[in-house]
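Asks: Sequence:
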Amino acid sequence: MNLRKSIGNLISEEAFYKTVLILLGGLPLIEIITEIIVRFNDKIIPSFFLPQVTGLFGILGTLLVVLYWLAAEPGKRKLRISDIFYFTLLFFMILSAAFSRNPGLYAGGDPFYCENPLHFLAYYWLYFAGTLIDDPKYRKNILFLFAGVAVIEGIFAFLQTFNIELAYSLYYYTEHTSYGLTQNSNYYGGLCIVFIAGISGLYIFSDQLTSSKVWKYALPAILAVLFHTMLGSRARLAWVGFAGLTVFYIISFAVMSRRDKETIKPAVRRSLVLLAVFAAVLLIAYFFTDYIREAAVRSYWEVANGDVEKVGTDRIYNWKMGLKSVPDNWLTGVGLDNYSYVFRESPEVYSQAKAHNEYIHVLVTQGVPAAVNYLALLIFAGAGAVKSVLNDTSKERRAVTWILLGMFITYCVQALFNGSVTYVAVYFWFIIGLIAPRTVIGRNKNRLFSSDL
1 MNLRKSIGNL ISEEAFYKTV LILLGGLPLI EIITEIIVRF NDKIIPSFFL
51 PQVTGLFGIL GTLLVVLYWL AAEPGKRKLR ISDIFYFTLL FFMILSAAFS
101 RNPGLYAGGD PFYCENPLHF LAYYWLYFAG TLIDDPKYRK NILFLFAGVA
151 VIEGIFAFLQ TFNIELAYSL YYYTEHTSYG LTQNSNYYGG LCIVFIAGIS
201 GLYIFSDQLT SSKVWKYALP AILAVLFHTM LGSRARLAWV GFAGLTVFYI
251 ISFAVMSRRD KETIKPAVRR SLVLLAVFAA VLLIAYFFTD YIREAAVRSY
301 WEVANGDVEK VGTDRIYNWK MGLKSVPDNW LTGVGLDNYS YVFRESPEVY
351 SQAKAHNEYI HVLVTQGVPA AVNYLALLIF AGAGAVKSVL NDTSKERRAV
401 TWILLGMFIT YCVQALFNGS VTYVAVYFWF IIGLIAPRTV IGRNKNRLFS
451 SDL
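Sequential numbering of the sequence shown, starting at 1, is according to our numbering.
Worth flagging that the hints you see were computed from the coordinates, not collected in a lab.
Among these hints, one or two may not hold up.
Stated by the list, open to error - When the alpha-carbon atoms are kept at most 25 Å apart in a straight line, the in silico DMTMM-like pairs for lysine to aspartate or glutamate are as follows: (1) Lys137 with Glu348; (2) Lys310 with Glu262; (3) Lys140 with Asp290; (4) Lys137 with Glu175; (5) Lys310 with Glu175; (6) Lys213 with Asp260; (7) Lys18 with Asp134; (8) Lys265 with Asp207; (9) Lys387 with Glu13; (10) Lys320 with Asp290; (11) Lys261 with Asp207; (12) Lys395 with Asp260; (13) Lys78 with Asp42; (14) Lys395 with Asp134; (15) Lys78 with Asp392; (16) Lys310 with Asp290; (17) Lys43 with Asp135; (18) Lys387 with Asp290; (19) Lys387 with Asp134; (20) Lys78 with Glu14; (21) Lys18 with Asp110; (22) Lys324 with Asp290; (23) Lys140 with Glu14; (24) Lys140 with Glu345; (25) Lys137 with Glu14; (26) Lys395 with Glu13; (27) Lys324 with Glu348; (28) Lys216 with Asp135.
The whole structure should be built from the sequences, with the hints applied where relevant.
Replies: Have a look at this one:
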């Protein structure tokens, strides 16, 4: 009986919630410590520990999931659709790794850029954990965790726009460019706009989430700094993500205005305040930095060049080479995170380890069935979140789901031009789980499952 109680503590909603907080809240702190060490030890480089920590959590999380299923009493646990996706994700991941054209090689062998099977275990565990966390208090706290991580990232990114760095960028850097703790300005741009989506939602729906006036006044200031660093990343994909976020709120406000005008009016009012904040930052950036002009000039010359394949910093060429490999590798792909394989016969001295389009990357590296499964998961999660926003009678629960849906949509849009890396992707996979339709598990940590399952 005591053993069963102990197992119940390990696999409860509370246990999954706290384990996720430790990982997602700890990653930026680990990177800060690493970059401090870098200043005194040239044998350590930025991001040295992050892939290892993520992989360890992949193992730990998978063990928790296995224990979760083994501990269920026969007939007490129903298989949910979200559970099925967990197993299909695992299946296709293992299949593509086993039948890879370059077995054991991920992202060209770069340990700080690749996504190996242990990292995917972490992604899928985070997704699974998200489907189990239903307590409104936990879900609201997760949003504030995201805000806290965004503040930490934003502080370093803001300093970087003034050429003040804790260590150095591992992958790409030009002067006055922000990359936060991600080691690449494109990855920071993608992560930053997702955090902007989350904090914007916290401000827009602040009446339903907090009574603190200090917090309500602080959020626009935080967003102003983050928006500046987003522009400072020089990542045009972040602009695309921002456009997706804007369109999302316009459409959702239009739909919900017919259902709940009382909530929508203050939300729209706060949205206009944020637009004014963003417009002010945009004007400052236009007159005092080269962020906007440089992006415009770069885009112009890519189009004026006349070579379509050069558009988006050679993204069209990159995608074309990947898609050419699909007919011969449609079942299992060229191999898990093995995109560089498609350039083996490239007529140019050119190679990319990522597709810089996450959907094409999954299609090429894991195959058509895996890509269909992934898209089905995104549709399932997104549609479930929309249904919750439309039908949930609790304003607090609806606001949290609405905010998470905005973050989800924003990531999905910027993913059209970005690649997946562990430090950024962990947040997205957790968000997918949080918005996926779920069956509520018991919140009592001494009880394995609620009686209605």
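Asks: Take the hints in turn and mark each one as holding or not.
Replies: To see whether the hints hold, each was checked on the structure:
1. Lys137 with Glu348: Roughly 54 Å separates the two Cα atoms, so the pair is violated.
2. Lys310 with Glu262: The hint is violated at about 49 Å.
3. Lys140 with Asp290: violated (38 Å)
4. Lys137 with Glu175: violated (42 Å)
5. Lys310 with Glu175: holds (24 Å)
6. Lys213 with Asp260: Holds - the C-alpha atoms of Asp260 and Lys213 are around 24 Å apart, at most 25 Å.
7. Lys18 with Asp134: holds (13 Å)
8. Lys265 with Asp207: holds (12 Å)
9. Lys387 with Glu13: Holds. Lys387 to Glu13 sits at ~23 Å (cutoff 25 Å).
10. Lys320 with Asp290: violated (32 Å)
11. Lys261 with Asp207: holds (14 Å)
12. Lys395 with Asp260: holds (10 Å)
13. Lys78 with Asp42: Between Lys78 and Asp42 the Cα gap is close to 53 Å, so the pair fails against 25 Å, i.e. violated.
14. Lys395 with Asp134: At roughly 15 Å apart (the allowed maximum being 25 Å), Asp134 and Lys395 satisfy the hint.
15. Lys78 with Asp392: holds (23 Å)
16. Lys310 with Asp290: holds (22 Å)
17. Lys43 with Asp135: violated (44 Å)
18. Lys387 with Asp290: violated (43 Å)
19. Lys387 with Asp134: It holds: about 16 Å lies between the C-alpha atoms, which stays within 25 Å.
20. Lys78 with Glu14: holds (20 Å)
21. Lys18 with Asp110: Violated. Lys18 to Asp110 sits at ~31 Å, over the 25 Å cutoff.
22. Lys324 with Asp290: At roughly 38 Å apart (the allowed maximum being 25 Å), Asp290 and Lys324 break the hint.
23. Lys140 with Glu14: Cα-Cα ~14 Å, so holds.
24. Lys140 with Glu345: violated (50 Å)
25. Lys137 with Glu14: Satisfied, since the Cα-Cα distance of roughly 11 Å is no more than 25 Å.
26. Lys395 with Glu13: With Cα atoms ~22 Å apart, Lys395 and Glu13 stay inside 25 Å; holds.
27. Lys324 with Glu348: holds (15 Å)
28. Lys216 with Asp135: holds (23 Å)
The structure shown violates the earlier hints numbered 1, 2, 3, 4, 10, 13, 17, 18, 21, 22, 24.
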